[in-house]
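Visitor: Protein chains in written order, with the numbering used here: chain A, 1224 to 1604; chain B, 1224 to 1604; chain C, 1224 to 1604; chain D, 1224 to 1604.
Please note: incorrect hints may appear among the correct ones.
Since the list can't tell identical chains apart, any single copy or any two copies may satisfy a pair.
[Unchecked claim] Mimicking EDC-like on lysine to aspartate or glutamate, the simulated pairs with C-alpha atoms at most 20 Å apart in a straight line are: (1) Lys1348 <-> Glu1338; (2) Lys1544 <-> Asp1555; (3) Lys1329 <-> Glu1309; (4) Lys1230 <-> Asp1466; (5) Lys1348 <-> Glu1401; (6) Lys1260 <-> Glu1583; (7) Lys1544 <-> Glu1253; (8) Lys1540 <-> Glu1467.
Hints listed in this document are in silico derivations from the structure and should not be mistaken for laboratory results.
Protein chains: 4
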Amino acid sequence: MPYPRFKELKPAYGFDDVAIAPGRITVNPEMVDISVKIEGVKLPVPFLASAMDAVVSPGFAVKMHDLGGLAVLNLDGLQTRYEDTEHLFMEIAETPQDKATAFLQKVYATPVREELIGLRVQQIKKGGATCAVSVIPANTKRVAPVAVEAGADLVFVQSTVTTARHVSKSVRGLIFSELRQNVKAPIVVGNTVSYDVTIELMEQGVSGVLVGVGPGAACTSREVLGIGVPQVTATIDCAAARDEYFRRTGRYVPIITDGGLRTGGDVCKAIVAGADAVMLGTPFAQAEEAPGRGYNWGMATPHDSLPRGTRIKVGTKAPLKTILHGPSHLTDGTQNLAGAVKISMGMVGAMNLTEMHDAEMIIAPSIKTEGKIFQMRGLGS
Amino acid sequence: MPYPRFKELKPAYGFDDVAIAPGRITVNPEMVDISVKIEGVKLPVPFLASAMDAVVSPGFAVKMHDLGGLAVLNLDGLQTRYEDTEHLFMEIAETPQDKATAFLQKVYATPVREELIGLRVQQIKKGGATCAVSVIPANTKRVAPVAVEAGADLVFVQSTVTTARHVSKSVRGLIFSELRQNVKAPIVVGNTVSYDVTIELMEQGVSGVLVGVGPGAACTSREVLGIGVPQVTATIDCAAARDEYFRRTGRYVPIITDGGLRTGGDVCKAIVAGADAVMLGTPFAQAEEAPGRGYNWGMATPHDSLPRGTRIKVGTKAPLKTILHGPSHLTDGTQNLAGAVKISMGMVGAMNLTEMHDAEMIIAPSIKTEGKIFQMRGLGS
Amino acid sequence: MPYPRFKELKPAYGFDDVAIAPGRITVNPEMVDISVKIEGVKLPVPFLASAMDAVVSPGFAVKMHDLGGLAVLNLDGLQTRYEDTEHLFMEIAETPQDKATAFLQKVYATPVREELIGLRVQQIKKGGATCAVSVIPANTKRVAPVAVEAGADLVFVQSTVTTARHVSKSVRGLIFSELRQNVKAPIVVGNTVSYDVTIELMEQGVSGVLVGVGPGAACTSREVLGIGVPQVTATIDCAAARDEYFRRTGRYVPIITDGGLRTGGDVCKAIVAGADAVMLGTPFAQAEEAPGRGYNWGMATPHDSLPRGTRIKVGTKAPLKTILHGPSHLTDGTQNLAGAVKISMGMVGAMNLTEMHDAEMIIAPSIKTEGKIFQMRGLGS
Amino acid sequence: MPYPRFKELKPAYGFDDVAIAPGRITVNPEMVDISVKIEGVKLPVPFLASAMDAVVSPGFAVKMHDLGGLAVLNLDGLQTRYEDTEHLFMEIAETPQDKATAFLQKVYATPVREELIGLRVQQIKKGGATCAVSVIPANTKRVAPVAVEAGADLVFVQSTVTTARHVSKSVRGLIFSELRQNVKAPIVVGNTVSYDVTIELMEQGVSGVLVGVGPGAACTSREVLGIGVPQVTATIDCAAARDEYFRRTGRYVPIITDGGLRTGGDVCKAIVAGADAVMLGTPFAQAEEAPGRGYNWGMATPHDSLPRGTRIKVGTKAPLKTILHGPSHLTDGTQNLAGAVKISMGMVGAMNLTEMHDAEMIIAPSIKTEGKIFQMRGLGS
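Okay, chain A solo, but in the shape it has when bound:
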C-alpha cells in the first residue's frame, strides 16, 4: 500500500443480513444426513447446548444426548459449587427481579468444590450420555484432568476471546498442544472469529473450534468494548481456515458457531456459512427441561471491574424434544430446529452438512415481524 495509508474496513454480515438461495436440485428431507463428528464423538444432530448454568444440568445433558445433540456442562458454575442445585435454582427463579443480581452475585461467591466435578460427570455418564464439560482457561490444567478421570468425553476450554498465544506477566498462557498431551480427551477451544487464530489452534491439535465473539448488534461486548464480529462473516472466515488446514494436513477439525442463533433460519445460515455444528443458549434455556426455570443469566465477565450479567426472563416455551425435533406449533422458527435444517437442505439439494456448506448465500436483510402470510407448498416428496 502506498503512502499515505488509510485504514481499510471490511464489511461483515450477521444472520439478519443474509439469506440462503435454493439450489439446482431438491432432495427429499428424509434422505438428508445432518450428523457431525467431533473427533471420536458422533452427534446425530449438530446441536450443542451452551455451558450456561441456566441451560445445562446433568439431567438436561442426558436428555439432550437422547435427542441426538450434546449439552456442555459448566464446571465453573453452580453445579460444582453446590450439591443441592434443585433448591438453589428454585430460589433464583423466585427471587424478585430487583434483588436477582445481588442474589446471583452472592451464590457465585461460594468456591468451587473439586469433589463435585467428578459427581457431575458421573451423573451424566450414568444416564448413558456423552459427557462434555466446559472450563475456563485459568482453571484448565487443574480441572480438566479431574473431569476426564471421572469419565468426561470432551473438554471445552472457553473464554470470550481465545488465541493460541496469551501474553501475561503473572501466569504462563495455556498451550493447547501441551494440554492435549496431558488430557486424554478431545479438546474443543474458543471463542475466536479469525482465520489466523483458527489455523493456529488447529495446528496446536485441538479437536474443535468455537466461533463467535460479540456476535449480536446489541451485544454487551460491543457496547462496552467495541469488540464483536457478526456470525456469518466469523463463520465464513473460520471455515476457510478449517478447509485450508484440512487441505494441508488431511485432518478435518469441525467448527461450531456459538452465540447469536435464535431460529432455525439462523442455524441453517450458520451451516451454509460453513459451521459443522451450532451451540445455542437461550433457545435451550426456554426448554421445559432447562434448570433455569424460564430464566437465563451469564455470570462470568472479562474483568472484575465490569458488571456481572443480569438475570433475564426467557420463558419456558416447550419440551426440548419439540424445540429440536418438533412438531412445531409456531411459525417464528424457534421450534423443530433439526427439522428445519433438513427441510432447508432439501430445498438446497444438500445430502449432508458438507454439501450444505456449498449452498449459495445472498446479502438480503431480513426484518423480524409477525402476521405476514406466505404460501408454502409441499416439496413434492
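Using the hints, position chains B, C and D against chain A.
Guide: For chains B, C and D alone, coordinates are given in the frame of chain A:
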C-alpha cells in the same frame, strides 16, 4: 479462486430497495400495450391471481378473465374437497380468531374428491373464461390429466422450491419433459429464483416459469429455514435465463413474478426487472369478489412437522375491477394496478412490456409512510 | 457485456444519505455570493417557491421577490379559475378534514378563465416583482403567449416527467425549440432526473431545467408507479449534463433542484450536488404570507384514474423573511435557509455557488431526531 | 477523469457502523499502557473533558487530573464572566425548562472579565493539576498570552471548522505558526476532519489536532448546514495525515477525537481508527463533580442568526472516578471507560495505543438495545 477460499455473498434486492428511473422519451399511456402470451393463451393485462383458496373460486376466475387477467384455481384445496363451498367459506370467516387455525386444520383434513376437479373446471369454462388450475408436484400425474380432460387450458405445477431434478428415495421426481407429453396443455412451473433452474425447466419444455421463493424480508421461510431471495434479484436472474434460452432456441417462455407484490409500484418494478407477468395473492384477496370474505390463509406446508398457515384478516377493500383498472380513490398504490403499469410505462417511454424490461432501475430504498405531499402533474398527453 | 445478460442496478442517494465535508480553507460567510442567473433574470438568493396554489399567490410572489427569491405562479390552478381567491382559500382552510378532498375536487372542476391569466401577471408586475408563471405542457402553446404578453418574465413548463420527445397518438408533443421561438421569454422546463434528457432539453434551447421526479422515499409516485430518483443522485446526473453542455457550447443553463427539500441542510446538499438553485413547496407553505393558511395540497395528477392530492396540514410557522433570512429560533434547519447556505459555504471555503459545486460530499446517513446537544463555535471571523 | 464528470461520493462510517475484531494474540489487561503525550504533557489515561461550561470548572479539572485525564476550561464562558459561579450554576439548574433558554441567553450576555482568566488558571494550578484552557480563534491573540502568563500549560484553539487558512474581509485569519511563536505553550487546534487540513495544521507547528465536525447522524450542523463527517472516517483520515507527517518529519503530533463518543465501545473504536486520545462532553457532564448539576448546554454558535443551544437534562450518574475507572454497575458501556480500553486492548493483543491503531475494524452496524444476554468469560489472566 486461490487458497484459502472464503465464501462470497452476492447482494440481492427487493421491491423496497429499488426504484425505476424515467426514460429518455415519454409515451401517452393510452398507446401502451401491456398484454402477455403464455404459449397460446393471451392475457390483455399481465396479472394472475394466486392459487389460494381465499383468493380464487370459479366465480372469481370468470370475473378475472372478463377484466383481462387470469386466476389460477387450487385443485388441492377446499374447492375440490367440498361441493358447497359457499357455506364453508362463510363459516371460516365467522370463526373467532382463536379457533380459526383449528377449524382450518379440520376442514383441510377432508380428502380431495376427484369428481369435483372436473366440476370446478367446467364452472370456469361455462363462464367463458380461460381455465388455469394449480396442482402440487406429488399429485400432478394423477390430477393434471383429469383437469385437462375437463377443459383446463393451463396447468400450474407449484411447490415452494422447484427444480428440474428432485432426489427422493420413495417417489420418482416429476420429469416435466415427460409430463408435457402426457398432458395436452401448456404447463407453468415454479417456484424458482435461479438462472440455472430456469434454463433447465425451459429445456424440459415448460410454457412458463413462476419466480419467487421466500421473497419478503419477513417471510416464514426466511425465519424457519433461512431460505429466500428478494424478488427484484430473483426476477433479474430468471429473466437473464429466459433471454439466454430465447437467444439459443428462439422460443420465448414468459416468467411470472409470484409473491411479495403489494402495490402498483411493486408490479412496475417486477416488470422492469424482467417479469412478463405478475401473480398476486393478498391484493386480490381484498377484492369484494374474493371467496375469502376479507381473510386469507395458506394451508400447505413444506413438511408435516412445521405449523400450518394462520388465518389473516386482510379486509375487503374494493371491487376487483377497481383494484385492476381503477379509478383509484387511494394514493397507496393498491388500486388501478393495470393503470399504474401503463402510466409508469408512459413515463419510461416503453410501448410494451418487452421495452419496459429495458428501463433503468436504481438502488434507492423506499419507506412506506403516509401523508406526504408530492405534486404530480399531467403527462402532457 | 457478454451473455447471459443480467440487469445492473446503480446506487442512488437522497439528502438523508449524504453529508458535506468541510473544506481546506474557510471563508467569512459575509463575503459569500449566493446569487444565481436564469438567462437575464438574476436572483440574489437561489430560492424558488413551487407553483402550488397553497404556496404562491401574486402577493406572495411580490414578497418573495423583495426577499431576493422567485415565486412561480401556477396558471392552471385556482388563481386563474376564481377572481376572489381570498374567500376561497379561507373556505378551503375552514373545511373539515373529512370533506376537504371533495371540496377541493369541486373547486378545481371550474374551468380556467383566460382573462384571469393577464390579471395575475399584472398584479405581480405592479408589485415591482419579477413574474414567473407555470403552465402544463398541454396548455403551453395557448397559455404561455398570453402570460408573456401580459408581462411574464419567465415561463415554467412542468410535468411529472418531461423529456424532449413525447410520443402520443392524439397530440403532437411540445417541441421546446419551436416554443422558444414563439414565446419571447426564457423557458424553464422539467421535471427530469437524467443526464440524457437534460442535455437534450438544453439543446432545444431551454433556459433552465427543473430536477426531481419522485424524490422522496415515501413519494406517491414511488408507491403507485415505482418511479422516482433520490435528489442527490438526480442533481449530480443533471449537473454533469449542464457542465458537459457548457463545455461543448459555452452556454451555462442553470439547473434547479425541485422537491424533497425540507431544511437548510437539504438545500446545502443540493447545491453541493450541483444545483444552481432550489425550488421548495411545503417550507414556503408554512410562511405566514402563504395563501394556503397552514395547508398544502397538490391537485394535478398524471392520470384521471389516479386519485387527486389530499389537503395536508403543514402549519403556519414564521414570516417568509424569517424562513429565508432568519434570525432563526429553531435548530431543526427550517429557518434562515439563505443564511444556512452562506454559513455552510463559509465552512466549505466556497465564495460562490459554482465553487460550492466542488465541495466534497460523503455517504453518511442522517437520522432526524431532536434534543441532541452539539457544541458549535464561532467561525473565527 | 473523462467527460462527462459525475461527482463521486465516498462512504463514511461512524461508531455505530463498525466493530473491532479481536486479534491474533491476547494480552493481560494489567500489562497494557494507555498513556498519551501531548508535546511535554503526559496523560496516564487518554481522556479529555470538553471545554463546556456544564462540564469543566477549575475543581473538576483538578479532579480529572488526579484521575489521569485532562479537563479543558472554557475561557469564553461563564467562568470568566462571573466570579461566583457556584450560585449561578445552581440558578441555571433550578430554572424551569421553558425559561431556560432565555435565562442562558441573559447570563451569557455579560462580558468576559480579563482578570478572571488568571484567577481560573491559578485555581487549577493550585490544585496541582495540568491546566488546559480553550479559546475561540477571534480571541486567541488577546486571551492566550494572558492565560499562559498565569500558568496555563496547554492552549486549545477551537471552532466548529478550523483550517490553516481563513478568508475574511475584516479580520486577518489566525496563523498558527505565528501564534506558536508568541504563546509559550503547546497549542492544540481544531476541529477538522480532513487529511489535508491536518497536514497543514501540523506544518504550522501545532501540538495536537482535534478531530470532529458534525459527527452524529442527528447533529444540528447536519440538519442546519448539511455539514458533518462520521467520526470513524474522520479519525481514519486525520490519523493517516498524522502518520504521513510523522514519516516526513519525525515529529509525532497526537490527534484527539472530539464529539459523538458515548460509551467505552465508542472510545475503543476511535482509538482503533487512529485516535491518540478522546474528548468527551456529555459523559462527563453526567459526573457528580460536573458543575452543570445534571444539565449540559452549548452556547456558542457559528452565526448570530442561528439559534443558541438549548439546556439538555443529562442526569447525574456516578462519581467521575467510576465513569473513568469503575467499578461499573452498568452494562451499557458508560462506566469504567479507561478499564474498557484496557480490556479491549487485551482482546486485541495491543500493548499500547499505537499497537491498538493497527487492530482490525469491520463494518458491522450495531443497534443499541437493552436486556440482551451475552455470555462473557474470563480472559484467562
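Visitor: Checking an output row: lysine 1260 and glutamate 1583, CA cutoff 20 Å. Within, between, both or neither?
Guide: neither (24 Å within a copy, 33 Å between copies)
Visitor: If the cutoff is 20 Å on CA atoms, where do lysine 1329 and glutamate 1309 land: within, between, both or neither? Let me know, please.
Guide: Classified as within; 17 Å inside a copy, 43 Å across copies.
Visitor: For the identical chains here, do lysine 1348 and glutamate 1401 meet the 20 Å Cα criterion within one copy, between copies, both, or neither?
Guide: Result: close neither inside a copy nor across copies, 27 Å intra and 56 Å inter.
Visitor: As a check of your reading, is lysine 1348 near glutamate 1338 (CA-CA no more than 20 Å) within one copy, between copies, both or neither?
Guide: Intra 16 Å, inter 60 Å, cutoff 20 Å: intra-copy only.
Visitor: Given a CA cutoff of 20 Å, do lysine 1230 and aspartate 1466 count as a within-copy pair, a between-copy pair, both, or neither?
Guide: between (29 Å within a copy, 11 Å between copies)
Visitor: Indicate which option fits the pair lysine 1540, glutamate 1467 if close means a Cα-Cα distance not exceeding 20 Å: within, between, both or neither.
Guide: Cα proximity of lysine 1540 and glutamate 1467: none, with 41 Å in one copy and 50 Å across.
Visitor: For the identical chains here, do lysine 1544 and aspartate 1555 meet the 20 Å Cα criterion within one copy, between copies, both, or neither?
Guide: within (17 Å within a copy, 36 Å between copies)
Visitor: As a check of your reading, is lysine 1544 near glutamate 1253 (CA-CA no more than 20 Å) within one copy, between copies, both or neither?
Guide: within (18 Å within a copy, 46 Å between copies)
When the structure is compared with the earlier hints, violations turn up for hints 5, 6 and 8 and for no others.
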